[in-house]
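Given next are the chains, with one letter for each unit.
Protein chains: 4
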Amino acid sequence: MGFIEGPVMLTNTWNVPRVADAVIDWSIERNKSMGVDTWGISPVVTETSDQFLNDARGRHVNREHVFHAIDSAAGGAVAEGAVGGGTGMICYDFKGGIGTASRKLPDKLGGYTVGILTQTNFGWRPQLTSDGVPVGRELAQYKPLRRKSETPPEAQRPLDGGSVIVVIATDAPCSHRILNRLAMRAQNGLARTGSHTGNTSGDFVIAFSTTRRKKHYADALTYTAEQVIEQGDLINYLFWSVVEATEEAVLNSLFKADTMIGRDERVVPGLPIQETVDVMKKYGHTEVHLP
Amino acid sequence: MGFIEGPVMLTNTWNVPRVADAVIDWSIERNKSMGVDTWGISPVVTETSDQFLNDARGRHVNREHVFHAIDSAAGGAVAEGAVGGGTGMICYDFKGGIGTASRKLPDKLGGYTVGILTQTNFGWRPQLTSDGVPVGRELAQYKPLRRKSETPPEAQRPLDGGSVIVVIATDAPCSHRILNRLAMRAQNGLARTGSHTGNTSGDFVIAFSTTRRKKHYADALTYTAEQVIEQGDLINYLFWSVVEATEEAVLNSLFKADTMIGRDERVVPGLPIQETVDVMKKYGHTEVHLP
Amino acid sequence: MGFIEGPVMLTNTWNVPRVADAVIDWSIERNKSMGVDTWGISPVVTETSDQFLNDARGRHVNREHVFHAIDSAAGGAVAEGAVGGGTGMICYDFKGGIGTASRKLPDKLGGYTVGILTQTNFGWRPQLTSDGVPVGRELAQYKPLRRKSETPPEAQRPLDGGSVIVVIATDAPCSHRILNRLAMRAQNGLARTGSHTGNTSGDFVIAFSTTRRKKHYADALTYTAEQVIEQGDLINYLFWSVVEATEEAVLNSLFKADTMIGRDERVVPGLPIQETVDVMKKYGHTEVHLP
Amino acid sequence: MGFIEGPVMLTNTWNVPRVADAVIDWSIERNKSMGVDTWGISPVVTETSDQFLNDARGRHVNREHVFHAIDSAAGGAVAEGAVGGGTGMICYDFKGGIGTASRKLPDKLGGYTVGILTQTNFGWRPQLTSDGVPVGRELAQYKPLRRKSETPPEAQRPLDGGSVIVVIATDAPCSHRILNRLAMRAQNGLARTGSHTGNTSGDFVIAFSTTRRKKHYADALTYTAEQVIEQGDLINYLFWSVVEATEEAVLNSLFKADTMIGRDERVVPGLPIQETVDVMKKYGHTEVHLP
Numbered sequence: 001m002g003f004i005e006g007p008v009m010l011t012n013t014w015n016v017p018r019v020a021d022a023v024i025d026w027s028i029e030r031n032k033s034m035g036v037d038t039w040g041i042s043p044v045v046t047e048t049s050d051q052f053l054n055d056a057r058g059r060h061v062n063r064e065h066v067f068h069a070i071d072s073a074a075g076g077a078v079a080e081g082a083v084g085g086g087t088g089m090i091c092y093d094f095k096g097g098i099g100t101a102s103r104k105l106p107d108k109l110g111g112y113t114v115g116i117l118t119q120t121n122f123g124w125r126p127q128l129t130s131d132g133v134p135v136g137r138e139l140a141q142y143k144p145l146r147r148k149s150e151t152p153p154e155a156q157r158p159l160d161g162g163s164v165i166v167v168i169a170t171d172a173p174c175s176h177r178i179l180n181r182l183a184m185r186a187q188n189g190l191a192r193t194g195s196h197t198g199n200t201s202g203d204f205v206i207a208f209s210t211t212r213r214k215k216h217y218a219d220a221l222t223y224t225a226e227q228v229i230e231q232g233d234l235i236n237y238l239f240w241s242v243v244e245a246t247e248e249a250v251l252n253s254l255f256k257a258d259t260m261i262g263r264d265e266r267v268v269p270g271l272p273i274q275e276t277v278d279v280m281k282k283y284g285h286t287e288v289h290l291p
Numbered sequence: 001m002g003f004i005e006g007p008v009m010l011t012n013t014w015n016v017p018r019v020a021d022a023v024i025d026w027s028i029e030r031n032k033s034m035g036v037d038t039w040g041i042s043p044v045v046t047e048t049s050d051q052f053l054n055d056a057r058g059r060h061v062n063r064e065h066v067f068h069a070i071d072s073a074a075g076g077a078v079a080e081g082a083v084g085g086g087t088g089m090i091c092y093d094f095k096g097g098i099g100t101a102s103r104k105l106p107d108k109l110g111g112y113t114v115g116i117l118t119q120t121n122f123g124w125r126p127q128l129t130s131d132g133v134p135v136g137r138e139l140a141q142y143k144p145l146r147r148k149s150e151t152p153p154e155a156q157r158p159l160d161g162g163s164v165i166v167v168i169a170t171d172a173p174c175s176h177r178i179l180n181r182l183a184m185r186a187q188n189g190l191a192r193t194g195s196h197t198g199n200t201s202g203d204f205v206i207a208f209s210t211t212r213r214k215k216h217y218a219d220a221l222t223y224t225a226e227q228v229i230e231q232g233d234l235i236n237y238l239f240w241s242v243v244e245a246t247e248e249a250v251l252n253s254l255f256k257a258d259t260m261i262g263r264d265e266r267v268v269p270g271l272p273i274q275e276t277v278d279v280m281k282k283y284g285h286t287e288v289h290l291p
Numbered sequence: 001m002g003f004i005e006g007p008v009m010l011t012n013t014w015n016v017p018r019v020a021d022a023v024i025d026w027s028i029e030r031n032k033s034m035g036v037d038t039w040g041i042s043p044v045v046t047e048t049s050d051q052f053l054n055d056a057r058g059r060h061v062n063r064e065h066v067f068h069a070i071d072s073a074a075g076g077a078v079a080e081g082a083v084g085g086g087t088g089m090i091c092y093d094f095k096g097g098i099g100t101a102s103r104k105l106p107d108k109l110g111g112y113t114v115g116i117l118t119q120t121n122f123g124w125r126p127q128l129t130s131d132g133v134p135v136g137r138e139l140a141q142y143k144p145l146r147r148k149s150e151t152p153p154e155a156q157r158p159l160d161g162g163s164v165i166v167v168i169a170t171d172a173p174c175s176h177r178i179l180n181r182l183a184m185r186a187q188n189g190l191a192r193t194g195s196h197t198g199n200t201s202g203d204f205v206i207a208f209s210t211t212r213r214k215k216h217y218a219d220a221l222t223y224t225a226e227q228v229i230e231q232g233d234l235i236n237y238l239f240w241s242v243v244e245a246t247e248e249a250v251l252n253s254l255f256k257a258d259t260m261i262g263r264d265e266r267v268v269p270g271l272p273i274q275e276t277v278d279v280m281k282k283y284g285h286t287e288v289h290l291p
Numbered sequence: 001m002g003f004i005e006g007p008v009m010l011t012n013t014w015n016v017p018r019v020a021d022a023v024i025d026w027s028i029e030r031n032k033s034m035g036v037d038t039w040g041i042s043p044v045v046t047e048t049s050d051q052f053l054n055d056a057r058g059r060h061v062n063r064e065h066v067f068h069a070i071d072s073a074a075g076g077a078v079a080e081g082a083v084g085g086g087t088g089m090i091c092y093d094f095k096g097g098i099g100t101a102s103r104k105l106p107d108k109l110g111g112y113t114v115g116i117l118t119q120t121n122f123g124w125r126p127q128l129t130s131d132g133v134p135v136g137r138e139l140a141q142y143k144p145l146r147r148k149s150e151t152p153p154e155a156q157r158p159l160d161g162g163s164v165i166v167v168i169a170t171d172a173p174c175s176h177r178i179l180n181r182l183a184m185r186a187q188n189g190l191a192r193t194g195s196h197t198g199n200t201s202g203d204f205v206i207a208f209s210t211t212r213r214k215k216h217y218a219d220a221l222t223y224t225a226e227q228v229i230e231q232g233d234l235i236n237y238l239f240w241s242v243v244e245a246t247e248e249a250v251l252n253s254l255f256k257a258d259t260m261i262g263r264d265e266r267v268v269p270g271l272p273i274q275e276t277v278d279v280m281k282k283y284g285h286t287e288v289h290l291p
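Residue numbers (the numbering used here), protein chains in the order written: chain D, 1 to 291; chain U, 1 to 291; chain F, 1 to 291; chain W, 1 to 291.
The reader is advised that the hints may include incorrect statements.
Which copy is meant is left open, because identical chains are indistinguishable; a pair holds if it fits in one copy or across any two.
As the list claims (entries may be wrong) - Using 25 angstroms as the maximum straight-line C-alpha spacing, the simulated DMTMM-like pairs for lysine to aspartate or glutamate come out as follows:
id	residue 1	residue 2
1	32	265
2	108	219
3	143	265
4	282	138
It should be emphasised that the hints constitute simulated quantities derived from the structure, not laboratory data.
Whenever a hint applies, use it, and build me the whole structure from the sequences.
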């Protein structure tokens, strides 16, 4: 229906219902008319699977975690790397997690901002590309993912290319139609880091604009709203912002995540910073600014 | 992209490219900058197959017909029955064609109008329902479609349930999103006449609002527009208007089309008015107002 | 991805996450490798809102209910009316709930069965049509929905036309593509009972075939499977079966549900059988076979 | 409906109907029962706009061109660069056109081939990336597109990022579902060359498998067919083949197209080979194999 009624939550696969349940509880506590005089929240909860590193069967996320997450949400710098839903993620066979980036358009294009947050859980190492440099291919022999020897063969690799969550937020006055088009361009940013949009699990993108609030019950037949015109530089640079910032957010998730030892002594190495910088220089990037 | 740049054309299957070609010619003649300083029209041409009755291989629609159709388009009463693209149509094994109907919302819902035009080429006779009355079942033994005896078996029935075109026009300020939702409700109107949305060819619905004009090249970053709120009675009665007017338009296409003799001495009977009225009365519709 | 890994659950809106959570628990208990050597179930849980009659804020569905529902699932006659997820439903301003119906194709069309189960929570009373007879219009003055006088005006009507769940099961060997096409034809069946596919909540249809089982991990590159050909009578009668059985399932949900008194002394009347039969006879249906 | 009945044609925007018309004529001449005993071809004709270089208003494609194109179609090496529908294309502000590439999977993955053909008409020069190297940025000052000075400002750049056609052919036994998924991965290949999937015109991808033929009229209810399993390495490497071969096909279209002078003395420079090789070497690609 084109609107979001609460927080956008990111978690791991099997805790989706637990998080959704807590979001409903949290909302009921704060809204006495919900379910009485008006309808209730449709929780937005997204997931990627952390079962390679995590004791997924343990279902370790509970109501208190969710309440804490919502109540402590704040503006400012975003924690990146192996935090929150990103804790158990694996990206290009390195440790993944949460990454964020944004682009601000120049004033002549409205000065709008496009912000991206990713939870990265996809990719095969040889595919990894950083600003066009084949970092994954060059680091193919760097510490591999380690598993216990008795692990059955079918668990020898994260599943089928994995999945990713991309959240797009903008203060440009975008219609439902344009938001959908922005969401589709996240795929370009993922592809620039090497993704083939692998088979299982599904890449998930959600886009929203902060520019309009909607009441449950309308007190009018129509509304009047400002909207981006789908023609010319503005729409194209909104698209390009999604592409670039998604690419950068994925890379940030890798640069900010350290090696992690998970269940059954499994080890997922963090992307080695110095080795990566060396590869970047080998490929003509003489100045490398780390995130 | 959410806009239409010219007329919505209805024709038979194989003349789609001929009609589209002529629409481009017509537009080029009237717009000297098209293809030079700005882009060109994307013709909207729709079709259903008339090959049961028509010499489809003959390709009898040409450039002059298209120019005449566009140049003579006018407001006022719409010709119905076996006219234009509807000439060779078959609907519920009776003669089909063009049908139209509309609904006007009360002033408290904005006074908006929803207009429907259909080109009907679908349905099996026993399915036909008029205002809930099983007219097709009651008239199952009425004159059947007639073919030459040497006709091969596979041509003994119009293909697979057929197809239909529905054009929805409204002066309600509907977004792309709402127009798409209106279009999806045409299926309910078709279903109320008996359609199972048969296998082949495809039912096609296009919806547009007359409330906003768009320039090819924007002279601003954003625009401000009035839009229907997707909540409450207005959106629901827009939907309901599509349902009712689509149903009525299909019935009108049947009531206005007479028996036609086509290629190879094939005959498609018109819906018999008196017999239909008699069936309606048998099923409790004591007053029957013919279209 | 085209497969279902567990039960299809039907519940009310806010208990979706509770039911999904319990389905995961139930699966974990029975599958020791899930989340260890293989991935886990994606629960399929559907909902319609019962907040007009029910204490929705109370969240009265729990883990035990779900385990009991799954463990006691059995073949044979399906309970209909105000049972299970259907308990608090309202359909055409009468008491709705669960309804089921099926069609079996003749042997020359493979003898396949199409089964439908609906949870009905939509419609305005004047729209209700039973086999084409305007039952809702004729019973417009029959006992209305009753609410406490202090109820605010916005709660005076179930929201925006409501919603419905339709589950389609078949033993015809249907591909993902055909199942999707079957699902889209449920809308025709709903329309035949009077629905305009109302604004809020969303009508939800899921279709599955019982003919193929899939392993999580393939031991081959390809498989060979029988599939329905999308041409001719078989595909059309599969479509028609969906249309007819969906219509019948909705009507059954109404005929099997009794008047219910819910929260805040609200009353939703059951469809009155005798009055309905009388209306059917008035409209020429001389023999009426009750479900 | 999941099948193609004739050739896949590529042309420029306004000649789509002319080409489609000729495809129908060509088919009618060769199939005497089409339109008599069976239905007719649905032509597949794709386009991108060449109006910057071409006298688009002149409509210079005719029936003879189409018949010649179909009749002379043959296996073997594919002509690339500024040929056929690719004649007037512009890609990353260099001369674009037709490009092709393919990948063959190893025998243990079935030995299947994925072939790609592109008609490239998109991109801004600074975006162009060749195997990760920012060729477009490095060649930003190389000969720009040249126009006559009196050209109005709005024509100073190909529209809005442009468009592209991607045709995917495979001998892997892919279902409609998998073909759709292959098609969606072409976007990744385009993104790897720098595309942001620009605003206007639309990127178009069509995918087909050569493994199954379908009759218009079925002589059975079901068929049995081999199909790729959507799990594991095969499906992922089919995806990856689409990504890589699409990227390579776009680059080939650039490397094979020479500078072109079009209408109104407009000039679009070909990608300069030596300068590009020099940039590749600057970015660590010590051995560069030209296509």
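Hint by hint, which ones does the structure fall short of? Of the numbered hints given earlier, the structure breaks none, since each of them holds.
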